[in-house]
Amino acid sequence: MSMTTLVDVSLSDGQTTAWGGGASTAMLLGTMNSLGHARLAAIEVLSPAVIEQCISRDENPLQRIAALRERANGTPLRATVNLLPAHGHLDVLAGEALDTWLRLLAKSGISEVVLIDPLLDLSRLGNAVQKAQAHGLTAIAALPYVDDPEHCDAYYSACAARLVLTGAQRIMLRDEAGLLHVDRLPSLLSALRSGVDGKPLDLHTRCHTGLGPQVALEAIRLGIDRLDAALPAVANGASTPSLALLIRSAALLELPLQAPDQDRLKEAQTQLAAVADQEGFAESPPWAFDLAPYEHQLPGEIAAQAMQALRERGRLADLFEFSRECTRIRQELGHPPMLQPFAQAIARQALEHLDAAPRFATLQPALRRWLQGCYGPIDTSLTRLQKRIGAVANPGRPANLPATEEALAALVCGCPALPPLQKLHYEVRSPEQALTHGLLQRWPNYTVLSVTGPGLSIHLEHSKG
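Just so we're aligned, residue 2 is where the sequence shown starts under my numbering, counting upward by one.
Since the hints were made in silico from the structure, they are not lab data.
Just to be clear, a hint being listed does not mean it is correct.
Unchecked claim - Label-pair distances were calculated between CB atoms; the ranges are: (1) A283 / P366: 22 to 32 Å; (2) E151 / G374: 19 to 29 Å; (3) L425 / R40: 18 to 28 Å; (4) A159 / P286: 36 to 46 Å.
C-beta: ideal position from N, C-alpha, C; glycine also.
Modelling step: build the complete structure from the supplied sequences, incorporating the hints.
Shown next as C-alpha cells:
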C-alpha cells in the first residue's frame, strides 16, 4: 500500500475558519519559512475566501502568492478555484477570464489548482482542466460529498469516472461540511477507487461534527493518496484535522503515513501561535460531537460565521431551528448545492427568517440568480418564486469582459482594480517589546509614565482634561 502524504491548508481554510480570515500576508511569512522546509506534499495558499480577505484589507492576492512562494523552498503551492464565484461580478468563471486567472496563478507561483464546480458541470470542469494544464498547472477535480440517500456508492463511482474523463490528474473527494464518518468510508472509497481507474485520490474533510480526525485516520488506513490538514493553531472546529494529531496518531496506530519534518512543523506552529497571541486571534478548540451539521450541511467558514451570528444574537440554543430552516430553504428552492455561492446565501436567508422576517420577503442575490438559471439549468417547479423575481433573457450569455489582463484579474477577484503591491513586514514581539510598544502608544494620554524593575512596577498618571 502506498503512503498517504499531507497537504497543509493552514494559510487558507485554517486561518479563514479559525480567525475569520484575519491573517494578513505579512503575518504568514514567518510560518511559511518553516512550512516550506517541512516536506509536505503541497501547501494551499489561496482560495476564493482568501481573495476576498485580501481585497478587504487592500492587499493584492497575487502578491500574497509570490511572497509565500519565495519562502516555500520548492514545496508546490496550491490554489482553490470555484467556477461559480460568490462575489456576484461574474456568474460563471470561464473562457478568457478563467484562462487569464489560471495564467496569473501559474506566473505568481501556483503549481496545483483544485477546480470546483458546485453543480458538477462536466463541460465546464473539462474546459477548466484543459486551461489549467495548458499553463503547466496540476489540475485536481473536486467531487463534492453530499450526505443523503440519493448520493450512493454507485453515484460517486460514476462521478469519479466522469471526472477522470475531463483529464484531471487527481480527483479530490471534498467534504467541506464535515459530514463523513468512519462507517461510510470503506465502501465509499472503494467505489471511488473503481471509478478513478488508478488516478490519485485525495480527501478534504472538516471537523464540524467532531469526527474529522477519526475520518482522516480511517482514510489513511484505507490508502487515501493525499489528505488536507492544518497546524493545531488553526485546526479543528470548522477547519480540517490537526497535522500534529494525525502524525502522532498514525505513528501510534502504525498507519501508512509519510510524515513531514515534525521539527519544522513545530516551528511553524510556534510562529502561527505567536501571531495569534499578538493579534488576539481566538484559539481553535475541537467542537463537541453534534448532529446539527448533518441538518444544515454548511461548509467550513460559512458554518463558523453562522455560529458566530447566532452567538451574537444570543440564540445559539436555536442552532437546530436554524439548521432546519436551512434545509427547508434548500427544499423550497430546488436543492442548490451547499457550496459557495449558494451556502452563504442560504445561511443568510435562514438567519433572516429566524429573525422573524416574513419568509422570502427578500431573496439573497445568489438564490435569485440560481432560480433564474444563471449558473446553469435547474430542474424545479418553483413557479411562485420564479414568477415573482422574473426571468433573465439569456442566462448563459457571457459577461462583457474587460480588455486588459489586470482588469480581467480584478473582475475575477470581484473588485474594480487589484490593490497595489505593499511592503510586507511583520514582527512578532517579545512580551517586553509588546509592553513597551503598548506604553509608547498610550504615552500622550499621561503626564507621568514610569517603569521600574526587576519585579516591574508601572506608574501611570492621566493627563488632565
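Status of each hint after checking the structure:
1. A283 / P366: 22 to 32 Å: holds (30 Å)
2. E151 / G374: 19 to 29 Å: Cβ of E151 to Cβ of G374: about 22 Å, so the range 19 to 29 Å holds.
3. L425 / R40: 18 to 28 Å: holds (25 Å)
4. A159 / P286: 36 to 46 Å: holds (39 Å)
Checked against the numbered hints given earlier, this structure breaks none of them.
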